[in-house]
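One line per chain: the protein sequences are A and B, in this order. Positions in the first sequence are counted from 1; adding 2 to them yields the numbering used here. Positions in the second sequence are counted from 1; adding 15 to them yields the numbering used here.
Any given hint could turn out to be false.
Claimed, not checked - Partial chain B-side listing against chain A, Cβ under 7 angstroms, derived:
#: 1; residue: Ile96
#: 2; residue: Gln104
#: 3; residue: Met108
#: 4; residue: Ala189
Unchecked claim - Using 27 angstroms as the maximum straight-line C-alpha spacing, the simulated DSSO-like pairs for lysine-lysine come out as follows:
#: 5; chain 1: A; residue 1: Lys73; chain 2: B; residue 2: Lys187
#: 6; chain 1: A; residue 1: Lys205; chain 2: B; residue 2: Lys112
#: 7; chain 1: A; residue 1: Lys130; chain 2: A; residue 2: Lys73
#: 8; chain 1: A; residue 1: Lys204; chain 2: B; residue 2: Lys112
#: 9; chain 1: A; residue 1: Lys45; chain 2: A; residue 2: Lys130
Source of the hints: derived by calculation from the structure; they are not laboratory data. In this text, a Cβ means the ideal position worked out from N, Cα and C, and glycines have one as well.
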Amino acid sequence: MANDSTSSVSLSRTFLTGLWHENPVLRLLLGMCPTLAVTAAVKPALTMGLSVIFVLLCSNIVVSLMRNLLKPHLRILMFTLTISTFVTIADLFLKAFAPVMSETLGPYVPLIIVNCIIICRAEACASKNTLLVSVLDALGMGAGFTLILCVLAGIRELLATGRVFEIQMMPGEFVPWAAMGMPVGAFITLGLLLGLANLITKKKI
Amino acid sequence: MNTVQILLMGFISVVIVNNLVFTKFLGICPYLGVSGRIDMAFGMGCAVTFVVTLSGTLTWLIDHLILMPLGLEVTRYVCFILVIAGAVQLVEMYVRKFFPSLYDSFGIFLPLITTNCAILGLCLFINLWGIDNLLEAVVLSAGAGIGFTLAICIMAGIRENLNLADVPDSLKGAPITLITAGLLTLAFMGFAGMIR
Numbered sequence: 003m004a005n006d007s008t009s010s011v012s013l014s015r016t017f018l019t020g021l022w023h024e025n026p027v028l029r030l031l032l033g034m035c036p037t038l039a040v041t042a043a044v045k046p047a048l049t050m051g052l053s054v055i056f057v058l059l060c061s062n063i064v065v066s067l068m069r070n071l072l073k074p075h076l077r078i079l080m081f082t083l084t085i086s087t088f089v090t091i092a093d094l095f096l097k098a099f100a101p102v103m104s105e106t107l108g109p110y111v112p113l114i115i116v117n118c119i120i121i122c123r124a125e126a127c128a129s130k131n132t133l134l135v136s137v138l139d140a141l142g143m144g145a146g147f148t149l150i151l152c153v154l155a156g157i158r159e160l161l162a163t164g165r166v167f168e169i170q171m172m173p174g175e176f177v178p179w180a181a182m183g184m185p186v187g188a189f190i191t192l193g194l195l196l197g198l199a200n201l202i203t204k205k206k207i
Numbered sequence: 016m017n018t019v020q021i022l023l024m025g026f027i028s029v030v031i032v033n034n035l036v037f038t039k040f041l042g043i044c045p046y047l048g049v050s051g052r053i054d055m056a057f058g059m060g061c062a063v064t065f066v067v068t069l070s071g072t073l074t075w076l077i078d079h080l081i082l083m084p085l086g087l088e089v090t091r092y093v094c095f096i097l098v099i100a101g102a103v104q105l106v107e108m109y110v111r112k113f114f115p116s117l118y119d120s121f122g123i124f125l126p127l128i129t130t131n132c133a134i135l136g137l138c139l140f141i142n143l144w145g146i147d148n149l150l151e152a153v154v155l156s157a158g159a160g161i162g163f164t165l166a167i168c169i170m171a172g173i174r175e176n177l178n179l180a181d182v183p184d185s186l187k188g189a190p191i192t193l194i195t196a197g198l199l200t201l202a203f204m205g206f207a208g209m210i211r
């Protein structure tokens, strides 16, 4: 029994590290391009987050299952091929069931292939660990990524249009900050968010 | 407009007005990671320019001569990433043989060019913009590489001076780099609308 409880604790920790301690965006600075590009509004950010969770989960499962067959010099190629297959599936799915959203996201859906988070988790976690650990790691990292995406998109959408999730939030006389919807807003908001995360971590210690 | 004018406009547009780093957020990882010193930034820019020109041309050829006639557009992403990985392997072997010191200082960032979004992004944008002329595809690919080099060198120059500045503790490193990038983007927004 004691063994069981310790292993379940370590498993839940695997899930939670992705959310804060090793949050892919705030801590590891991975996956910056989609983080900056799709966060002008919450809806596309959420769609992007969910697609990344799907691809990350599937690729971690496949890589974890074939980890004993991998040859060291061919592994990156195998990772990218696995990932691009699942991204093609996600892209076709979005095109079929959410054509408007697919148009908004444009080339950023196929660009999930080169999202560093996914290849990093395949290399650092899935190619060394069992299926269960890899699945939890994928879910934790994916959730951490989606969380930051939504926070960033929420701030930018609120300041750029006065609405969040297309619901009016600010009083009528609020003057929208157009710059927040542009690339400038993305860079500066993310910079300040990273600074804030650093500040919180320092306070704790 | 004659062909030369179209090519020239396309080139200026992709280098300055639609710079991949500043307006499309592509290639941010090396842009933040390798922009510490100006000589390394320039080396990285050259490597990316070479890979992006090669893979932009090759993917256009593959797309138009093999995938489209055979109706295999579904496998487009898999083919593109294979071409890019091959081109990066080529550059890696070349740099290791002829510039060993540069090879050591790049470390992990050289193989990571494969996952540089600017390269796959450009191949996809060429497809999206509906470029149907090989020459235009080559010029746009080279322009994108030069635009990336320009962006990363400007950034490295600023960061070398930033080392001497008194930055608040929690903003040191990546946060201040991102804020600087934001201000640079603001400057480049002045070019917006100059050419379509």
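Going through the hints against the structure:
| no. | hint | in the structure |
| --- | --- | --- |
| 1 | Ile96 | holds, 5 angstroms |
| 2 | Gln104 | violated, 9 angstroms |
| 3 | Met108 | violated, 13 angstroms |
| 4 | Ala189 | holds, 6 angstroms |
| 5 | A:Lys73 to B:Lys187 | violated, 40 angstroms |
| 6 | A:Lys205 to B:Lys112 | violated, 48 angstroms |
| 7 | A:Lys130 to A:Lys73 | holds, 13 angstroms |
| 8 | A:Lys204 to B:Lys112 | violated, 44 angstroms |
| 9 | A:Lys45 to A:Lys130 | violated, 35 angstroms |
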